[in-house]
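J.: Residue numbers (the working numbering), protein chains in the order written: chain S, 110 to 390; chain U, 110 to 390.
Keep in mind that the hints are not guaranteed to be accurate.
[As the list claims (entries may be wrong)] Straight-line alpha carbon distances no greater than 35 Å define the calculated DSBU-like cross-link-like pairs of lysine-lysine that follow:
id	chain 1	residue 1	chain 2	residue 2
1	S	K201	U	K331
2	U	K237	S	K248
3	U	K201	S	K201
4	U	K201	U	K237
Rather than coming from a laboratory, the hints here were simulated on the basis of the structure. No experiment lies behind these values; they were computed from the predicted model shown.
There are 2 protein chains.
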Amino acid sequence: MVLVNDAGKSLTDCLVNGELSPFVRADDRALAFGDGLWERVAVVNGTPWWWQDHMNRLRRGCELLGLTAPSQSVLLREIQTVTAGRRQAIVKLILSRGAGSVAYLPGSDQEQTRVITAYPWPEERVRKAQLGVAARVCKTRIAVQPLLGGINHLNRLEMVLAAREMADHEEQEGLLLDANDHLISAIDSNLVLVFGDQMLTPRMDRSGVRGVLRGRIIREFKARTELRRITVDMIAEASEVFLCDVVRGIVPVLSVDGLELSPGPVTAEMQTWLEESRNRP
Amino acid sequence: MVLVNDAGKSLTDCLVNGELSPFVRADDRALAFGDGLWERVAVVNGTPWWWQDHMNRLRRGCELLGLTAPSQSVLLREIQTVTAGRRQAIVKLILSRGAGSVAYLPGSDQEQTRVITAYPWPEERVRKAQLGVAARVCKTRIAVQPLLGGINHLNRLEMVLAAREMADHEEQEGLLLDANDHLISAIDSNLVLVFGDQMLTPRMDRSGVRGVLRGRIIREFKARTELRRITVDMIAEASEVFLCDVVRGIVPVLSVDGLELSPGPVTAEMQTWLEESRNRP
Numbered sequence: 110m111v112l113v114n115d116a117g118k119s120l121t122d123c124l125v126n127g128e129l130s131p132f133v134r135a136d137d138r139a140l141a142f143g144d145g146l147w148e149r150v151a152v153v154n155g156t157p158w159w160w161q162d163h164m165n166r167l168r169r170g171c172e173l174l175g176l177t178a179p180s181q182s183v184l185l186r187e188i189q190t191v192t193a194g195r196r197q198a199i200v201k202l203i204l205s206r207g208a209g210s211v212a213y214l215p216g217s218d219q220e221q222t223r224v225i226t227a228y229p230w231p232e233e234r235v236r237k238a239q240l241g242v243a244a245r246v247c248k249t250r251i252a253v254q255p256l257l258g259g260i261n262h263l264n265r266l267e268m269v270l271a272a273r274e275m276a277d278h279e280e281q282e283g284l285l286l287d288a289n290d291h292l293i294s295a296i297d298s299n300l301v302l303v304f305g306d307q308m309l310t311p312r313m314d315r316s317g318v319r320g321v322l323r324g325r326i327i328r329e330f331k332a333r334t335e336l337r338r339i340t341v342d343m344i345a346e347a348s349e350v351f352l353c354d355v356v357r358g359i360v361p362v363l364s365v366d367g368l369e370l371s372p373g374p375v376t377a378e379m380q381t382w383l384e385e386s387r388n389r390p
Numbered sequence: 110m111v112l113v114n115d116a117g118k119s120l121t122d123c124l125v126n127g128e129l130s131p132f133v134r135a136d137d138r139a140l141a142f143g144d145g146l147w148e149r150v151a152v153v154n155g156t157p158w159w160w161q162d163h164m165n166r167l168r169r170g171c172e173l174l175g176l177t178a179p180s181q182s183v184l185l186r187e188i189q190t191v192t193a194g195r196r197q198a199i200v201k202l203i204l205s206r207g208a209g210s211v212a213y214l215p216g217s218d219q220e221q222t223r224v225i226t227a228y229p230w231p232e233e234r235v236r237k238a239q240l241g242v243a244a245r246v247c248k249t250r251i252a253v254q255p256l257l258g259g260i261n262h263l264n265r266l267e268m269v270l271a272a273r274e275m276a277d278h279e280e281q282e283g284l285l286l287d288a289n290d291h292l293i294s295a296i297d298s299n300l301v302l303v304f305g306d307q308m309l310t311p312r313m314d315r316s317g318v319r320g321v322l323r324g325r326i327i328r329e330f331k332a333r334t335e336l337r338r339i340t341v342d343m344i345a346e347a348s349e350v351f352l353c354d355v356v357r358g359i360v361p362v363l364s365v366d367g368l369e370l371s372p373g374p375v376t377a378e379m380q381t382w383l384e385e386s387r388n389r390p
């Protein structure tokens with residue numbers, strides 16, 4: 110029996126069901142069907158940012174898929190274990206329905222699999238993003254699926270196809286339309302259009318992922334934020350456009366499909382707000 | 110380091126990249142994104158049924174996802190290895206883009222992962238299916254996604270949700286509608302409606318999996334088979350309805366949502382044809 114299938118690449122700092130291990134069973138349902146959820150968490154000195162928001166999204170996903178939300182204290186302890194010795198890290202948490210059943214219908218005795226992995230903080234990528242990015246609208250469309258809209262599940266082939274499409278272009282960011290010509294998000298961050306001091310962000314009830322930072326902005330700036338169906342032509346009318354995600358924070362969009370945009374006061378205000386709320390104890 | 114995460118369940122007869130192993134890396138992209146393809150193959154005395162059809166579908170999937178189709182001779186040898194000593198078995202073949210990249214964009218040096226697992230032949234389930242099944246139309250809808258339509262990819266949460274929905278009902282089979290009210294298939298088999306001696310089967314260009322047995326029927330009975338958009342009300346007008354897949358073969362549908370149907374001469378003809386073509390050398 111060979112236990113290391115790909116010895117050339119290392120995978121340290123990975124806990125599988127609490128045990129230090131770089132392996133999962135080959136019949137895990139995450140592998141077979143994408144039957145599970147994930148969270149990407151920014152961790153500083155062992156403490157995850159916006160922990161409760163991640164846990165709320167995970168719990169909502171568990172409800173929709175019929176999974177059991179893992180114990181928060183167990184997750185927190187495991188995150189501290191994998192990030193020990195690092196000031197800042199990204200932790201990827203995968204929750205799968207588990208191994209051992211080959212049919213679509215899960216077994217009644219499924220034991221869930223949880224995989225917690227630490228990755229280096231992408232300092233340079235985060236720093237660059239603050240200066241802004243060029244974007245284009247991807248040809249790859251996101252399917253409309255209200256049963257899975259908003260949650261962070263493991264069926265992400267569309268995002269992989271979009272990322273592959275973007276590799277052929279100069280722009281760093283791809284914006285995604287759904288099948289109804291509504292803008293949903295960028296490939297791994299959410300989208301906000303600014304009109305004066307109002308912020309519009311796409312509804313996530315039919316596809317896309319409800320990002321944690323997006324959720325924070327919606328709650329913090331309730332009176333100024335609106336969830337809307339957003340079309341491409343609204344970009345030309347917007348005074349500012351930015352992206353947001355828990356790793357890079359607020360990312361100004363400098364252009365979309367060659368149309369130039371200038372980051373303005375609301376984007377700057379959000380960057381300042383984020384900086385301050387991160388530094389608050 | 111713990112190498113067995115779930116020692117209670119055994120997973121034998123599994124080859125990962127040609128090595129006897131029940132494990133894949135925890136950062137495999139099949140686990141993270143469902144970034145890959147699969148085939149479910151019926152194997153008798155070490156020989157896969159309809160091998161070329163499986164390989165054609167796999168190759169088509171590889172083209173759409175940008176994967177490299179594995180060597181057929183390697184796969185055949187591995188199938189013989191995992192089924193050694195069994196007269197009849199199901200082999201599940203998973204082809205993943207591989208381990209080691211955490212972003213949606215695959216690394217330029219991805220080494221694909223192939224998992225080949227043998228499962229017991231479900232004798233009893235196959236025998237029962239010949240007698241017919243009761244079906245109902247699922248509430249779970251399949252999203253429309255032309256980029257992935259027809260191929261057998263690993264993003265199968267919709268099927269899992271549909272199977273979970275069916276667990277609450279008496280009927281054995283769930284029929285799936287897409288978002289446009291078109292019938293696509295059953296949960297793990299294809300659907301054929303019979304009108305006189307004509308057979309209609311749903312188009313698979315926007316969702317669903319192009320089943321290998323369905324493909325055989327279309328080619329073998331070209332003049333009598335039509336690919337169509339099919340709606341639920343057409344079931345009431347059909348003279349017969351059957352399902353087909355490579356494990357259970359031709360499965361008569363005895364009722365849909367309580368509407369009784371009777372298996373007729375075309376279903377019987379297909380069962381006989383299948384029996385004969387399987388026994389042909």
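J.: Next step is simple, just say for each hint if it's right about the structure.
T.: We went through each hint and held it up to the structure:
The suggested pairing of S:K201 with U:K331 is violated, with an alpha-carbon distance near 50 Å, which exceeds 35 Å. Of the pairs offered as hints, the one joining U:K237 and S:K248 is violated, with about 46 Å between alpha carbons and a cut-off of 35 Å exceeded. At most 35 Å may separate the alpha-carbon atoms for a hinted pair to count; U:K201 and S:K201 meet this at roughly 28 Å. With a C-alpha separation of about 22 Å, the suggested pairing of U:K201 with U:K237 holds against the 35 Å cut-off.
Hints 1, 2 from the list above are not met by this structure, while the remaining hints are.
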